[in-house]
Amino acid sequence: MTELDHFLSSIKETMENIPDEILEYIFHYISTYELCTVVSEVCKQWQLIIMHQVMSVKDADQLRMFHVGLRAVIVTERVWNLCAASRVITCATQMIPRLQELTICSNFPLDEEDYKSLMYIPHLKHLDVFSKRKCMDKNININASITILVVNEAMASGFLKNLNKSNKLMAFHMYGRARYYIVRQMVDFLQIQSGNLQDLTLRCQEFGDEKFKTISQCVRLVSLQLHQCSLVTKRSIAYVASLPKLRRLHLTGARLLRSSGILELINCLHPLIEDLNLSYSDFGDEHCTALALRLPRLTTLELWRCGAGRGGAGLGSVGLCGAALLRLVQEARRMRALDTDVHFDALQLQALGDHSALGKLRCRWDGPNPLVGSKLKMTSALKVYSKEYLRGDGEGPSAELYYYWTRGVDLISLFEGDQTPRTTD
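Under full-length UniProt numbering, the sequence shown has 118 at position 118, and the numbering climbs by one with no breaks.
These aren't lab readings, by the way, just hints derived from the structure by calculation.
This structure is a prediction, so every number in the text was calculated from the model and none was measured.
There's no promise every hint is true.
In silico BS3-like pairs for lysine-lysine, Cα to Cα no more than 25 Å straight-line [to be verified]:
#, residue 1, residue 2
1, Lys165, Lys134
2, Lys125, Lys245
3, Lys134, Lys116
4, Lys245, Lys138
5, Lys387, Lys375
Computed spacing ranges between beta-carbons, pair by pair [as the list claims (entries may be wrong)]:
#, residue 1, residue 2, range
6, Ala290, Gln350, 37 to 45 Å
7, Ser86, Lys58, 16 to 24 Å
8, Asn107, Asn369, 49 to 57 Å
9, Glu112, Asn81, 18 to 26 Å
10, Arg334, Asp59, 24 to 32 Å
11, Arg78, Lys138, 27 to 35 Å
12, Asn107, Cys43, 43 to 51 Å
13, Pro122, Tyr389, 49 to 57 Å
14, Asn369, Lys58, 54 to 62 Å
15, Asn139, Arg184, 17 to 25 Å
16, Thr90, Asp209, 25 to 33 Å
17, Leu414, Ala238, 17 to 25 Å
18, Lys132, Asn81, 19 to 27 Å
Glycine residues also receive a C-beta, built at the ideal position from the N, C-alpha and C atoms.
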């Protein structure tokens, strides 16, 4: 059960009588996937409203039910009687003239003709699809109306140039198989889109110090996810941390930053940041107090494989202990969610359970769950998830996500209730 599940169950009786117009306004700020999987289960009224706006395709026969009122169509799993994405797109162009969001999983990749067909959906704003060629190049054009683009493939020469000519993007994300791009063209892309971007996810294995300076020009960024930051040094820190509107910062894989560099990063962070991820870095015990003091509004924290520069290649954070992390959480009074592979003992878990705001915890512990029945929802860091939903980069749960639509969603583990590490092969 996610944080959204808990919230909805607690207000169900009160919310059933809210006018449809207000509900539609609220639903606009909830992801389409969560609307289909969580919110629609609250009551019949909510389900009817969501079904009128959103369709999650699980059977090809549902395509006949497309109607002009739909704003989003998602295909997030294999559909046994659906042969190709072209059928979904054809039905959408014919029956949903005002479609705003299209999400299709990797089981149904698009070819160039499919991308051309999307041009007949003039109001499309959110696109999250895969390509048959496993590459986005200059021959693939994206609707000028799109403001939220999820790229799931490598980007060849010309693709980003075409985007700059036609699109003003509020959000740009690299998920799926996306890993490589022409660095010079990405720099140009960020410079041109700097006045538009509010949410950005990049894989930065080829981004050096001077390239990070480009990101500092994106002054409207509220959410920034930078993964595979193997070239980040102290010079890069100020560029990333200086963004005035930033509320969410994920900086994973910054292995060149040693303890002093991590401390400099913390001291540069905007104090209004609420969501922070420093997984696969040299974050350690010595940084906990500084972080709590620097970010008084911190609500969400992810710390996996900390101590990357101290030999932390295996499971668990060798540079971070449960006692230090407990102190951090206790000082961060607004903390609602902690995601870490750090081990806590029974007394430390009890103290975490007493935290006034903490409602969600993933960590390691020994024996049975000591907090069964408490308000704190606890998940084992040793649970294993299907490789279908993971990239395999090894930089922590958020960086590992294969699909953009699983961001903020609790994946179902292969072995529920089991803390024993398993392989998925």
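Against the structure, the hints:
1. Lys165 to Lys134: Roughly 23 Å between the alpha carbons, so the hint for Lys165 and Lys134 holds.
2. Lys125 to Lys245: Roughly 23 Å separates the two Cα atoms, so the pair holds.
3. Lys134 to Lys116: Satisfied, since the Cα-Cα distance of roughly 17 Å is no more than 25 Å.
4. Lys245 to Lys138: violated (33 Å)
5. Lys387 to Lys375: Since the Cα atoms of Lys387 and Lys375 sit roughly 30 Å apart, the hinted pair is violated (cutoff 25 Å).
6. Ala290 to Gln350: 37 to 45 Å: Roughly 26 Å apart at Cβ, these two residues miss the hinted range, so it is violated.
7. Ser86 to Lys58: 16 to 24 Å: The hint (16 to 24 Å, Cβ to Cβ) holds, given that Ser86 and Lys58 are roughly 18 Å apart.
8. Asn107 to Asn369: 49 to 57 Å: The hinted range 49 to 57 Å is violated for Asn107 and Asn369, with Cβ atoms some 35 Å apart.
9. Glu112 to Asn81: 18 to 26 Å: Since the Cβ atoms of Glu112 and Asn81 sit about 25 Å apart, the hinted range of 18 to 26 Å holds.
10. Arg334 to Asp59: 24 to 32 Å: The hinted range 24 to 32 Å is violated for Arg334 and Asp59, with Cβ atoms some 43 Å apart.
11. Arg78 to Lys138: 27 to 35 Å: holds (31 Å)
12. Asn107 to Cys43: 43 to 51 Å: violated (32 Å)
13. Pro122 to Tyr389: 49 to 57 Å: At 32 Å between Cβs, range violated.
14. Asn369 to Lys58: 54 to 62 Å: Between Asn369 and Lys58, where Cβ atoms are some 33 Å apart, the hint is violated.
15. Asn139 to Arg184: 17 to 25 Å: holds (20 Å)
16. Thr90 to Asp209: 25 to 33 Å: violated (47 Å)
17. Leu414 to Ala238: 17 to 25 Å: violated (42 Å)
18. Lys132 to Asn81: 19 to 27 Å: With Cβ atoms ~20 Å apart, the hint holds.
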